[in-house]
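Model the full assembly from the supplied sequences, consistent with the hints where possible.
Chains A and B, in that order, give the protein sequences.
So the first sequence is residues 129 to 223, counted in the numbering used here.
So the second sequence is residues 2 to 499, counted in the numbering used here.
Where hints are given, some of them may not hold.
Under the rule of at most 20 Å between Cα atoms (straight-line distance), these lysine to any residue pairs were calculated in the SDA-like manner [unchecked claim]: (1) B:17 <-> B:64; (2) B:17 <-> B:27; (3) B:412 <-> A:161; (4) A:220 <-> B:339; (5) B:412 <-> A:163; (6) B:392 <-> B:261; (7) A:220 <-> B:326; (8) B:412 <-> A:157; (9) B:412 <-> A:159; (10) B:392 <-> B:293; (11) B:412 <-> B:137.
Here are the simulated distance ranges between beta carbons [to be verified]: (12) A:150 <-> B:487: 54 to 62 Å; (13) B:59 <-> A:211: 35 to 43 Å; (14) B:2 <-> A:188: 40 to 48 Å; (15) A:212 <-> B:231: 35 to 43 Å; (16) B:107 <-> A:211: 23 to 31 Å; (17) A:206 <-> B:292: 52 to 60 Å; (18) A:191 <-> B:370: 26 to 34 Å; (19) B:389 <-> A:217: 54 to 62 Å; (20) A:141 <-> B:486: 56 to 64 Å; (21) B:283 <-> A:193: 54 to 62 Å; (22) B:2 <-> A:191: 26 to 34 Å; (23) A:150 <-> B:2: 20 to 28 Å.
Quick caveat, the hints were computed from the structure, so don't treat them as lab data.
Think of the CB as a built atom: it goes at the ideal place given N, C-alpha and C, for glycine as much as any other residue.
Below are the chains, spelled out letter by letter.
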Amino acid sequence: MSLPLSEVMRIAALARIAVSEAEAEAVRGQLNGIFAMIARMNAVDTTGVEPMAHVRDVTLRLREDIVTEADRHAAFQAIAPQVEDGLYLVPKVIE
Amino acid sequence: MFDASLTELAAALAAKRISSVELTRLFLDRIARLDGSLNAFITVDPERSLAQARAADRRLGAGEGGPLTGIPVAHKDLFLTEGWPSTCGSRMLANFVAPYDAHVIERFNAAGAVILGKTNMDEFAMGSSNESSWFGAARNPWNPECVPGGSSGGSATAVAARMAPAATGTDTGGSIRQPAALTGICGLKPTYGVVSRHGMVAFASSLDQGGPLARSAEELAALMNVMAGFDARDSTSLERPAEDYARELARPVAGLRIGVPREYFAEGLAPEVAAAVQAAIDALQKLGATTSDVDLPNTGLSVPAYYVIAPAEASSNLSRYDGVRYGFRAPEYDDLMDMYCRSRAAGFGAEVKRRILVGTYVLSHGYYDAYYLKAQKIRRLIANDFAEAFKRCDVIVGPTTPGVAFRLGEKTADPVQMYLDDIYTVAVNLAGLPALSIPCGFGRGGDAGPASDLSRGGLLPIGLQLIGDYFAEARLLGVAHQYQRGTDWHRRAPPIGH
Chain A
129 MSLPLSEVMR IAALARIAVS EAEAEAVRGQ LNGIFAMIAR MNAVDTTGVE PMAHVRDVTL
189 RLREDIVTEA DRHAAFQAIA PQVEDGLYLV PKVIE
Chain B
2 MFDASLTELA AALAAKRISS VELTRLFLDR IARLDGSLNA FITVDPERSL AQARAADRRL
62 GAGEGGPLTG IPVAHKDLFL TEGWPSTCGS RMLANFVAPY DAHVIERFNA AGAVILGKTN
122 MDEFAMGSSN ESSWFGAARN PWNPECVPGG SSGGSATAVA ARMAPAATGT DTGGSIRQPA
182 ALTGICGLKP TYGVVSRHGM VAFASSLDQG GPLARSAEEL AALMNVMAGF DARDSTSLER
242 PAEDYARELA RPVAGLRIGV PREYFAEGLA PEVAAAVQAA IDALQKLGAT TSDVDLPNTG
302 LSVPAYYVIA PAEASSNLSR YDGVRYGFRA PEYDDLMDMY CRSRAAGFGA EVKRRILVGT
362 YVLSHGYYDA YYLKAQKIRR LIANDFAEAF KRCDVIVGPT TPGVAFRLGE KTADPVQMYL
422 DDIYTVAVNL AGLPALSIPC GFGRGGDAGP ASDLSRGGLL PIGLQLIGDY FAEARLLGVA
482 HQYQRGTDWH RRAPPIGH
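Rendered as structure tokens:
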């Protein structure tokens, strides 16, 4: 398998990472090397093997749907890039 | 004092031979003296550390101290530490001051330990050399031209160079054991779920596990007694009764069944590492252990499967860095989408971006079954291999790494080369098993090195890996402790700062 440049650009867009064509071309060779290594997985037949999503197949614990945390929005918003009146500021998304 | 064990330090503090403030100052002074060249710490904040030390002294004065009260401990910079920068080695979080403590930090604070500083690491814990840190690579104290390993490279360097008595780390694919091996110290990766991930910045959530780094197995046990424990805020934290990780330290090795996986001694292992590991196995046999060959036939598939699963989980976890709620935001952008893309392009380094791209691809439409599902099936086969092996042995013993520490820049050009070096560590994470690395000898690496190395002896540490069945941490620590009673590899200090 060899990823074409367009595919690298597409993945980068999906991953929300800005790349120039030159950067995508530079990383393309490395990605192809990584996928060539990953392709070794195909050497083993895994028909009928149950996928293992988690160690010892633990099920995630659920908790009661009740408030357990104090309101600390001032502390959490103090580290935000841009805040106004308790709201996170982002570029306008609705005209 | 820099070579004293945690037990010795606790005794000195209890007997008032030294105060926590004095002890903390000693280590802060040593960091100031040595870290300019070793770069093990991202943040040191003497005022904060000394305030904690003063509180510890009051507690000790009131006779309320525990085994770690007043002892400085360094923390990997992905454990959120309230009021401290917690950067994860990334530009993305370079200005991030944590608004709360990780569970691990809460536990150390409750024990009265002093936060000595935040240690350097590969960016978002992705790397095996520390070279992906936004803050520059930490250096190996045995030879500053060489890497300390990663991703917990700063923690390993700090402990090896006697800049910290102990440190915390995290191990997603070997990130505690590999740097411990390359710097000649000890590191334990616990069973998945034993140490809470709350406040530990996520890399690959089904694999990430925190653990301790120190100079002896006995000290790892003392640190585990503080770090481990149930935490409702981590949905994968295991609800188990508290255990004493030191309870098997005195247990004799006689009767121990050691499994030696042939696959761990195959092509690619440096002869000097093979010899040192074999010598350690011989030493354990002299103590009464028996050995037998075990098969881990899917070992060769562990690296490919790991480099699907870990990047897949990383691409999902790191989607939270959007430049909105915290972290880096690009200074200029056109619209919201452009802000995301530019912030992430500039905030993440090359290795993190590569892994996000790999992860995004393997999870994308049409490729999920061929990559992610396939890797999860192989993960099952790998876990099954270990389960089979542990029917016939108590502990699996082998090398931690294929070779000794390599030179900075030696493996950065080809990521795959670096990934393949994780061959002996990643399978343990995929299965979720506990494993530790302890020093077992020295080697010279691929070549004898230039003259400047020879003046330092040119020697680099070799790590021995002990892998146990689920929840066998105490047994692993006991075997390691018994080995360390009869050997002195773990007492060797690098030739600096004396």
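Going down the list of hints, with the structure as the test:
1. B:17 <-> B:64: With a Cα-Cα distance of about 11 Å, the restraint between residue 17 (chain B) and residue 64 (chain B) holds, given a limit of 20 Å.
2. B:17 <-> B:27: 16 Å, holds
3. B:412 <-> A:161: 14 Å, holds
4. A:220 <-> B:339: 12 Å, holds
5. B:412 <-> A:163: 18 Å, holds
6. B:392 <-> B:261: This hinted pair holds, its Cα atoms lying about 13 Å apart.
7. A:220 <-> B:326: 16 Å, holds
8. B:412 <-> A:157: The hint holds at about 16 Å.
9. B:412 <-> A:159: 16 Å, holds
10. B:392 <-> B:293: Holds, because 12 Å separates the two Cα atoms, which is no more than 20 Å.
11. B:412 <-> B:137: Answer holds: residue 412 (chain B) to residue 137 (chain B) is near 16 Å, not above 20 Å.
12. A:150 <-> B:487: 54 to 62 Å: 58 Å, holds
13. B:59 <-> A:211: 35 to 43 Å: The hinted range 35 to 43 Å holds for residue 59 (chain B) and residue 211 (chain A), with Cβ atoms some 38 Å apart.
14. B:2 <-> A:188: 40 to 48 Å: Because 46 Å falls inside the window, the suggested range holds.
15. A:212 <-> B:231: 35 to 43 Å: Given a distance of about 40 Å, which is inside 35 to 43 Å, the answer is holds.
16. B:107 <-> A:211: 23 to 31 Å: For residue 211 (chain A) against residue 107 (chain B), whose Cβ atoms are near 27 Å apart, the range 23 to 31 Å holds.
17. A:206 <-> B:292: 52 to 60 Å: 57 Å, holds
18. A:191 <-> B:370: 26 to 34 Å: 33 Å, holds
19. B:389 <-> A:217: 54 to 62 Å: 56 Å, holds
20. A:141 <-> B:486: 56 to 64 Å: 58 Å, holds
21. B:283 <-> A:193: 54 to 62 Å: 58 Å, holds
22. B:2 <-> A:191: 26 to 34 Å: 45 Å, violated
23. A:150 <-> B:2: 20 to 28 Å: Hint violated: Cβ distance 54 Å, outside 20 to 28 Å.
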